[in-house]
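Below are the chains, spelled out letter by letter.
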Amino acid sequence: MKRFLGATLFFVLMVGLWELCVRAGLWSPVLVPPPSSVARYIYESLSDGTLEQATLVTMRRLLSGYFLGLLLGLPLGLLTARFKVLEDTIGVVALGLQTLPSVCWVPLALLWFGQTETAMLFVVIMGTVWSVLIATDNGVRTVPPIYVRAARTMGSRGVHTWLKVIVPASLPFIISGMKQGWAFAWRSLMAAEIFVTILTGFGLGHLLHYGRELHAMDQVAGVMLVIILIGLLADKILFSPWERFLHRRWGTAKP
Amino acid sequence: MTDAPPKLVVENVSKRFRTRKGEIHALDDISLAVREGEFVCLVGPSGCGKSTLLNLIAGLDFPDNGRIFADGKPVTGPGSDRMMMFQEAALFPWLNVFDNVMFGLKLKPHLRDKERREVAQYYLQLVGLERFMHANIHELSGGMKQRTALARCLAPNPRVLLMDEPFASLDALTRDQLYGDLQRICQQRKKTIVFVTHNVREAACLGDRVILFSPNPGRVQEQFTVDLPRPRDINSVALAQHASEITRALKQHLRPDLTEAAE
Chain A
1 MKRFLGATLF FVLMVGLWEL CVRAGLWSPV LVPPPSSVAR YIYESLSDGT LEQATLVTMR
61 RLLSGYFLGL LLGLPLGLLT ARFKVLEDTI GVVALGLQTL PSVCWVPLAL LWFGQTETAM
121 LFVVIMGTVW SVLIATDNGV RTVPPIYVRA ARTMGSRGVH TWLKVIVPAS LPFIISGMKQ
181 GWAFAWRSLM AAEIFVTILT GFGLGHLLHY GRELHAMDQV AGVMLVIILI GLLADKILFS
241 PWERFLHRRW GTAKP
Chain B
1 MTDAPPKLVV ENVSKRFRTR KGEIHALDDI SLAVREGEFV CLVGPSGCGK STLLNLIAGL
61 DFPDNGRIFA DGKPVTGPGS DRMMMFQEAA LFPWLNVFDN VMFGLKLKPH LRDKERREVA
121 QYYLQLVGLE RFMHANIHEL SGGMKQRTAL ARCLAPNPRV LLMDEPFASL DALTRDQLYG
181 DLQRICQQRK KTIVFVTHNV REAACLGDRV ILFSPNPGRV QEQFTVDLPR PRDINSVALA
241 QHASEITRAL KQHLRPDLTE AAE
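From first to last, the protein sequence lines are chains A and B. Heads up: the first sequence at position 11 corresponds to 11 in my numbering, and the numbers run straight through without jumps. Heads up: the second sequence at position 203 corresponds to 203 in my numbering, and the numbers run straight through without jumps.
A few of these clues could be false.
Chain A residues, not near chain B, derived (Cβ > 12 Å throughout) [stated by the list, open to error]:
id: 1; residue: V12
id: 2; residue: L17
id: 3; residue: Y43
id: 4; residue: L63
id: 5; residue: L74
id: 6; residue: D88
id: 7; residue: L95
id: 8; residue: G96
id: 9; residue: M154
id: 10; residue: V167
id: 11; residue: A169
id: 12; residue: L171
id: 13; residue: W250
id: 14; residue: G251
Which stretches of chain B does chain A cover? Using the computed rule of at least three CB atoms under 8 Å from a CB of chain A, they are [to be verified]:
id: 15; stretch: 91-97
id: 16; stretch: 117-129
id: 17; stretch: 166-177
id: 18; stretch: 242-248
The hints are simulated quantities; they were obtained by calculation from the structure and are not laboratory data. If you're wondering where the values come from, they're calculated on a predicted model, not measured in any experiment. Virtual Cβ for every residue (Gly too), placed ideally from N, Cα, C.
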């Protein structure tokens, strides 16, 4: 409770200071919108539904792309760790493409898929899949062989060993890879949405982009706040439970 | 001696490993038989192939020459009738104590889930960890980890236990306690045990028979029968006499490795 009050006080003071500075005429409100007008923008766009609509569009792209990326990256990572041939081929491709910011795929994606959801999906998947693949591969390689030997003497074989021993043993790596994949996907989607207009849906990135075009800095700041909030929520909902599990079981440092 | 067929038979087994430095002749023409219910200790300095032999009996590795039989059938891979316990506890950190013990039980298809839980509870009680069923692995002391590993080995009710220096990394007090526990459990559950160690006293305390190995290449050097009544106390005088007899033999055979083996 004490921590909560302290944190609340900090944020109230920060917003208050921001408002005061703008009111005192330190900067033009065109450059730095006061929190009151940002709040008004958020309230108005929530009541007319534009903000919810944009959030929904963006989240749908992000989540579907992210989960497809996981669905590809996890098994591929297991396969590259298992088979030398795949390590030397797909493994190398993954290592190379992981260094490429996935927003670089946008020009090609537009050419291939047009200004469609598929193009956005493709960019998000490219952001997710490689880091998840590499983390899974790494995780499997660092599983202590003694776990596998112990499991085998207890009668575990093949797929059972993979699902019940190797995958859970590499969870610390897999989770951090999933987090990195999420961060890459989120950033690349935002960049892509700011970059190009997609005819089938108007996302948060577009809202931000049009805020800039219209010199509506209250809109820009408001959308930025929403983006930050989604990031925080995703961390709390998607990853915190896993990290608490890892911390409890492995006894590693508290996340 | 009984006329029952031996539980484990090792027949002219050889094993070589290729490493960067060259070839290691880990086992050279080893033959031995272990009776049902017998506690056999393999003693020797490190690198004499005793752990290798244990891995071969477990079916985790295969001999270059010779054959190994368990219950008269050739060993072709790991089997849950032969459970192995390692120097590191090798417990799974993503499972709690109870679920670690359940791991092997879940691989026994003929058991119902309720029975599995009862069996797991029974063995945790047997090793004195019933109060720590829901603990995480990292919360356990070294001795408790090995007790959990022992319960996990025993739970699927294997007839043969293969133990690779399971108490080597524990402190002396915990170890003495576990000697007592292991003897008690084995008498109750009638297990056949092959136990690898380089601690002669430990071997004399636990084994019905102590087999001395020599390194480069790994060979059976000499065998001793320890016919002291059980349960044995590791600190008893009679046991010390047996141990010193074995140590003497060890020193004779292995001058260069004397320091490590005689500890």
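Each hint, compared with the structure:
no.: 1; hint: V12; verdict: holds (40 Å)
no.: 2; hint: L17; verdict: holds (45 Å)
no.: 3; hint: Y43; verdict: holds (46 Å)
no.: 4; hint: L63; verdict: holds (26 Å)
no.: 5; hint: L74; verdict: holds (16 Å)
no.: 6; hint: D88; verdict: holds (22 Å)
no.: 7; hint: L95; verdict: holds (27 Å)
no.: 8; hint: G96; verdict: holds (31 Å)
no.: 9; hint: M154; verdict: violated (4 Å)
no.: 10; hint: V167; verdict: violated (9 Å)
no.: 11; hint: A169; verdict: violated (7 Å)
no.: 12; hint: L171; verdict: violated (6 Å)
no.: 13; hint: W250; verdict: violated (5 Å)
no.: 14; hint: G251; verdict: violated (3 Å)
no.: 15; hint: 91-97; verdict: holds (count 5)
no.: 16; hint: 117-129; verdict: violated (count 0)
no.: 17; hint: 166-177; verdict: violated (count 0)
no.: 18; hint: 242-248; verdict: violated (count 0)
Going down the numbered hints, you'll see the structure goes against 9, 10, 11, 12, 13, 14, 16, 17, 18, while the others check out.
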